[in-house]
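Mapping to the UniProt record's numbering: the sequence shown position 223 is 223, numbers consecutive.
Hints are computed from structural coordinates only; laboratory data are not their basis.
Do not rely on the hints blindly, as some may be mistaken.
Pairs of lysine-lysine residues, derived as BS3-like cross-links and limited to a Cα-Cα distance of at most 27 Å, are as follows [as the list claims (entries may be wrong)]:
| no. | residue 1 | residue 2 |
| --- | --- | --- |
| 1 | Lys-55 | Lys-44 |
| 2 | Lys-34 | Lys-44 |
| 3 | Lys-29 | Lys-55 |
| 4 | Lys-209 | Lys-183 |
| 5 | Lys-153 | Lys-106 |
| 6 | Lys-153 | Lys-214 |
| 7 | Lys-31 | Lys-55 |
| 8 | Lys-306 | Lys-107 |
| 9 | Lys-153 | Lys-107 |
| 10 | Lys-44 | Lys-31 |
| 11 | Lys-214 | Lys-183 |
| 12 | Lys-37 | Lys-50 |
| 13 | Lys-183 | Lys-153 |
| 14 | Lys-183 | Lys-107 |
| 15 | Lys-106 | Lys-306 |
| 16 | Lys-50 | Lys-34 |
| 17 | Lys-183 | Lys-106 |
| 18 | Lys-31 | Lys-50 |
| 19 | Lys-55 | Lys-306 |
| 20 | Lys-29 | Lys-50 |
| 21 | Lys-29 | Lys-44 |
| 22 | Lys-34 | Lys-55 |
| 23 | Lys-55 | Lys-37 |
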Amino acid sequence: MIRFLLVSLLVVAATSSALDHASEFYAFKLKHGKTYKNQVEETKRFNIFKSNIEKIASHNARYEQGLATYTLGINQFADMTAEEFSTMLGYQSANKPKLNITGTFKKPEGVEIPDSIDWREQNRVTAIKNQGSCGSCWAFSITGSTEGAYARKTGNLVSLSEQQLIDCTTDFNSGCAGGYLEKNFVYVTSDGLQSESSYPYEGVDNSCKYDASKVVTRVSSYVTIFYDEQELRNAVGTVGPVSVGINAGFLQLYSGGIFHEELCNPMHLNHAVLVVGYGSENGEEYWIVKNSWGTSWGEEGYFRFKFGVDECGINTDNVYPIID
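Generate coordinates for the entire structure from the input sequences, incorporating the hints supplied.
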């Protein structure tokens, strides 16, 4: 009788867990507008979703024990495998030496670097955007640092066009299949960028519809920071938002906290983002980073990286523009 009761309880627990996963999957599909081509694909996605739910629970248990510094959660990528997620990341790193026409960053003499800064508070950062399924992170990073430079120069914050970069720089970028950081500033120097409103984002590869009469700004030059995280901090603290390349392989299900993962290879850069500030929490210094995966991901579209350890290669490929 006791054995029968134990078996019954296990069956009830398993059934309850399955129902919980099913209801979570339903809510996930509804929230993120997910539809699948057939039942076979739906079953596949449900199984991947369940696996990710278990991963989230396991990781967050470690967080509660003080064994991890960040949390995971359900977001739009929860029905993807880690391999599938990696293939959608669209950054390509250029070989050194770099192309910069200004030189490398040097901290201005006599300028004090603030202990913390958040350029969102000074109207230098536009609202979170969403690249969707297009591997255009590189374009969002470039517009982000250019938006910051333009706001610094004019006092006006204008959202600039990623779609223009996707469509009109195919001689060196691959559109939704990926692109570079620094190389794009050669184009922005000569042709400039239109506003988001005059050349809206579609998230697909299209023909170039550039209109010189609608250009908001060009850049005068651009500066790189070579493999020095303290100098990156100095640049962010004195100039404004900086475009950076990182390894985002571990960020798929990131939910919040100061991200630190020793297994994150700093040599494998696959995603471009925008550093918009830095600060500290309970004595732990961090970067404030703007992503392009919408507000339902991470900390309302942002994430924090641990400072001082070259987290996921953050000090490897960095560039920002200058507008005279």
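Hint check results:
Distance check on the hinted pair: Lys-55 and Lys-44 sit about 17 Å apart at the alpha-carbon level, within 27 Å; holds. A hinted pair counts as satisfied when its Cα atoms are at most 27 Å apart, and Lys-34 with Lys-44 qualifies at roughly 13 Å. A threshold of 27 Å between alpha carbons decides the hint, and for Lys-29 with Lys-55 the separation of about 19 Å falls inside it, so the pair holds. Proposed proximity of Lys-209 and Lys-183 is supported: the alpha carbons are some 20 Å apart, at most 27 Å.
At roughly 20 Å between alpha-carbon atoms, Lys-153 and Lys-106 fall within 27 Å of each other, so this suggested pair holds. Restraint check for Lys-153 and Lys-214: the C-alpha separation of about 19 Å stays at or below 27 Å, so the hint holds. Between Lys-31 and Lys-55 the CA atoms are separated by roughly 21 Å; this keeps the pair inside 27 Å, and the hint holds. Between Lys-306 and Lys-107 the CA atoms are separated by roughly 22 Å; this keeps the pair inside 27 Å, and the hint holds.
Taking the CA atoms of Lys-153 and Lys-107, the gap is about 19 Å. The hint holds against a cut of 27 Å. With a CA separation close to 19 Å, the supplied pair Lys-44 and Lys-31 stays within the 27 Å bound. Annotation: proposed proximity of Lys-214 to Lys-183 holds, straight-line Cα distance about 22 Å (limit 27 Å). In summary, the hint linking Lys-37 to Lys-50 is supported, as the alpha carbons are separated by about 19 Å, within the 27 Å threshold.
With a CA separation close to 22 Å, the supplied pair Lys-183 and Lys-153 stays within the 27 Å bound. Simply put, Lys-183 and Lys-107 have alpha-carbon atoms about 23 Å apart, close enough for the 27 Å limit, and the pair holds. Between Lys-106 and Lys-306 the CA atoms are separated by roughly 23 Å; this keeps the pair inside 27 Å, and the hint holds. For the suggested pair Lys-50 and Lys-34, the alpha carbons sit about 16 Å apart, so the restraint of at most 27 Å is met.
For the suggested pair Lys-183 and Lys-106, the alpha carbons sit about 21 Å apart, so the restraint of at most 27 Å is met. At most 27 Å may separate the alpha-carbon atoms for a hinted pair to count; Lys-31 and Lys-50 meet this at roughly 17 Å. Of the supplied pair hints, the one linking Lys-55 and Lys-306 holds, its CA atoms being roughly 22 Å apart against a limit of 27 Å. The hinted pair formed by Lys-29 and Lys-50 meets the criterion: a straight-line CA distance of about 13 Å does not exceed 27 Å.
Restraint check for Lys-29 and Lys-44: the C-alpha separation of about 14 Å stays at or below 27 Å, so the hint holds. With a C-alpha separation of about 21 Å, the suggested pairing of Lys-34 with Lys-55 holds against the 27 Å cut-off. Taking the CA atoms of Lys-55 and Lys-37, the gap is about 26 Å. The hint holds against a cut of 27 Å.
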